[in-house]
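Chains as they are written, first to last, in the numbering used here: chain F, 92 to 557; chain G, 92 to 557.
A portion of the hints provided could be inaccurate.
Copies of the same chain look alike in the list, so a pair counts if it works inside one copy or between any two.
Straight line, CA to CA, 25 Å or less: simulated SDA-like cross-link-like pairs of lysine to any residue [said to hold, decoys possible]:
(1) K190 to T117
(2) K253 to G315
(3) K190 to D118
(4) K190 to A313
These are computed hints drawn from the structure, not numbers from a lab.
Number of protein chains: 2
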Amino acid sequence: MSLTSTDAGTLVAALAAGLPAEALVTDPDLLESYRYDRAQFCPAGVPAAVVLARETAHVQHALRTATSLRVPVVPQGARSGLSGAANAIDGCVVVSTEKMRRIRQLDVGNRFVVTQPGIYNAELSRAVAEHGLFYPPDPSSWEFCSIGGNLSTNSGGLCCVKYGVTTDYVLGLEVVLASGEVLRTGRRTVKGVAGYDLTRLFVGSEGTLGIITEATLSLRPAAGRPRTAAALFASARDAGATVAAVVESGLVPSLLEIMDRTSLRASSAHLRADLPGDCGAMLVWQSDSPGETAVEEVERIGRVASACGATQVIEAEDPAEAELLLAARRTVLTALEALGTTLIDDVAVPRTRLADLIEGVQAIAERRGLVIGVVGHAGDGNMHPTVVFDPADPVATEHARSAFGEIMDLGLELGGTITGEHGVGVLKRRWLEREAGAVSMAVHRAVKAALDPLGILNPGKVFDPA
Amino acid sequence: MSLTSTDAGTLVAALAAGLPAEALVTDPDLLESYRYDRAQFCPAGVPAAVVLARETAHVQHALRTATSLRVPVVPQGARSGLSGAANAIDGCVVVSTEKMRRIRQLDVGNRFVVTQPGIYNAELSRAVAEHGLFYPPDPSSWEFCSIGGNLSTNSGGLCCVKYGVTTDYVLGLEVVLASGEVLRTGRRTVKGVAGYDLTRLFVGSEGTLGIITEATLSLRPAAGRPRTAAALFASARDAGATVAAVVESGLVPSLLEIMDRTSLRASSAHLRADLPGDCGAMLVWQSDSPGETAVEEVERIGRVASACGATQVIEAEDPAEAELLLAARRTVLTALEALGTTLIDDVAVPRTRLADLIEGVQAIAERRGLVIGVVGHAGDGNMHPTVVFDPADPVATEHARSAFGEIMDLGLELGGTITGEHGVGVLKRRWLEREAGAVSMAVHRAVKAALDPLGILNPGKVFDPA
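Using the sequences and the accompanying hints, generate a full structural model.
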């Protein structure tokens with residue numbers, strides 16, 4: 092199937108016929124701001140129109156119109172994605188859920204929340220926290236990423252090491268299909284096995300199978316106030332050995348982050364802090380277990396770090412000290428951005444292979460003459476090697492692109508995946524088949540064709556339908 | 092598509108051409124034992140042949156043969172299922188994975204195990220426990236159900252209230268598709284979002300989309316030794332209120348089971364134990380939190396029970412006492428079976444609606460003149476109302492069937508699902524559309540057609556493809 096090139100006027104008129112004026116954007120200046128998410132190196136077209144849906148019926152009208160006119164549809168949340176999955180296509184209809192921001196129901200007794208997709212992760216998290224509840228998935232972008240985007244990319248975050256990722260909290264969805272029909276998946280009970288797990292088929296599908304217009308999310312009881320500690324190491328090897336030893340010991344921290352030498356130097360300069368000169372890596376960890384167990388767990392991880400060669404272990408005595416220990420980690424991307432344009436990778440490897448990944452990335456950086464800071468969620472093996480380059484320098488830019496690919500190749504060699512939490516989008520499309528294999532790609536295409544027979548939903552994202 | 096009626100001789104010859112002699116069963120007496128799983132009221136045909144696969148290649152050969160001859164295939168694990176999903180179809184090839192019992196790899200450092208599907212749940216659990224690891228999903232049938240069957244029905248169990256169900260532990264699968272091709276899904280890392288979540292599409296699909304020949308399962312650190320307590324109540328209402336209050340308090344027990352008056356009486360008679368005459372329900376719970384936290388949590392739940400009207404709260408002082416408290420729960424099905432033939436339902440409701448479900452089931456029992464014992468996983472709202480009847484009495488049998496359906500209707504009315512962990516199979520096929528709706532059924536059929544275009548895989552199970 093190829094999408095027909097519909098006259099923009101016809102399309103806009105058809106959209107306008109079923110939408111309130113404030114739900115339809117066609118002003119060229121405004122359209123410009125709906126072209127890109129936050130990915131680097133990903134082309135974007137110019138949409139013919141943006142539908143700012145307020146309710147499910149608006150999404151249905153947009154999709155019915157797109158189906159009847161064979162126009163591509165690009166779903167957008169808050170455009171905070173890092174893989175280009177939300178980038179516009181020339182002549183498409185962008186369907187944005189950014190105005191669908193209402194929490195429909197909070198059931199404290201049964202610990203679930205029903206929400207529209209446009210609400211930011213942090214807003215939802217705070218709303219449920221007021222009732223003593225906890226929505227764990229916490230991507231670093233939580234203040235400006237939407238739940239709909241989190242669902243569509245199956246976002247992770249810092250506390251995944253203990254609490255899992257977005258898909259682990261989805262009980263059910265309302266999805267508008269390419270045809271405009273409304274599908275309800277899942278349930279509101281904790282358990283349920285009636286029929287296929289369609290819920291999780293849509294989670295992480297990056298807008299290629301349908302548009303999520305409502306989600307029922309399970310919640311946990313509020314966690315304890317976390318205890319925090321950090322350790323410095325002469326080498327990434329010692330830090331990696333610590334992570335492996337922590338996992339093997341059966342300890343489950345609620346946060347376990349790593350920074351390599353390059354990212355430590357950048358953060359240190361940015362924060363005007365003074366790190367010991369021989370510092371090759373840092374780990375920072377938390378436990379939010381109840382009562383004294385948190386103190387005990389944080390101490391036990393400290394002893395593991397010391398046994399693995401930590402040059403220094405620092406335990407935070409209070410929340411202010413904890414924030415200081417976390418500051419380097421929190422600031423690293425800003426610190427690296429101060430050095431140039433950044434291209435953030437997102438490989439995940441088995442946790443015993445962390446040091447191999449970090450050393451391999453350092454070797455790539457040296458060979459390519461680039462700065463690459465490695466920072467990430469050590470507790471689940473999900474690393475964000477961040478390539479820093481000068482986009483005005485075409486040679487450096489080419490090296491940055493090559494390094495980005497070599498990092499994924501390295502991740503695959505180490506038994507890992509090309510993306511732990513950012514998704515494939517446009518950025519990693521040509522690596523997906525290398526990871527998934529030809530049979531898997533044929534199954535992907537069959538599932539896509541079953542749900543979107545005209546191929547109007549986010550075409551060209553994740554994989555090439557042909 | 093309709094499956095052709097292939098001559099059994101042709102089919103057997105084609106199967107024999109690619110299988111060792113011990114992997115092919117055609118003896119009519121032996122075929123008889125591969126007709127049924129443990130469901131009641133589900134018809135079963137007679138297979139033309141049973142393939143006792145030892146390796147993935149045998150499954151591939153069976154499916155290639157079935158595809159070329161258009162013969163239906165019924166996948167079987169240990170035939171311990173309770174919904175007829177594994178029941179044979181006349182003239183089909185049963186592909187049994189009961190001889191694929193090897194653990195391929197146990198990675199202690201990265202906490203995952205790669206296993207063939209035929210191994211029993213208890214065997215796998217014990218094998219990983221030797222290395223200080225924990226595979227949580229624990230269906231009551233764990234001593235005689237296979238991991239492959241657990242995956243195909245997304246089994247739950249007693250510790251799900253804290254640890255989740257089978258799908259929460261599946262990192263990746265090897266699946267033989269209808270065509271005979273081998274699909275690998277998922278990964279060996281903790282996180283990963285490359286492509287669609289095909290893994291969880293196959294989990295719970297009851298053999299209708301492919302045959303699982305290998306699974307990579309994530310493991311947890313061993314839990315603490317559980318502390319156990321129980322409470323007796325004058326009414327199911329008080330016990331239900333306790334469960335709701337426990338959930339709302341944020342306490343997460345590692346087990347929280349309920350028995351109603353009928354099931355308590357049956358167990359009590361069976362164990363020759365003496366329960367107080369006014370006992371309307373019992374709750375039993377555990378905490379396996381580390382150290383003294385377990386003691387504290389078990390006590391706190393006891394205080395919640397007292398506040399909700401428990402007539403008696405008993406804390407176990409040692410494992411032997413704990414076993415006594417659990418004995419009534421463990422023996423209830425045997426106790427009910429001693430009273431007649433049993434038909435086990437499996438509805439799940441929001442946890443605040445437990446008492447409504449139990450009282451509603453008691454009303455159905457009275458109206459139908461039946462014994463129905465309600466027992467189940469109170470902590471996640473998943474109840475197993477068990478209808479007891481005399482199959483020699485056609486009127487009672489008809490009442491039992493009707494009551495079984497009325498219990499599902501009641502579950503749906505209370506915001507629940509027709510099946511929390513047993514699956515749809517043949518038994519609940521006509522209720523699935525009532526729960527899922529017409530759009531969902533169309534999507535189910537589209538996905539099924541995409542993955543099994545000839546409709547050879549377990550046809551007629553879960554839903555009617557037409």
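Index of numbered hints that the structure contradicts, given in increasing order:
The structure conflicts with hint 4 only, although it agrees with all the remaining ones.
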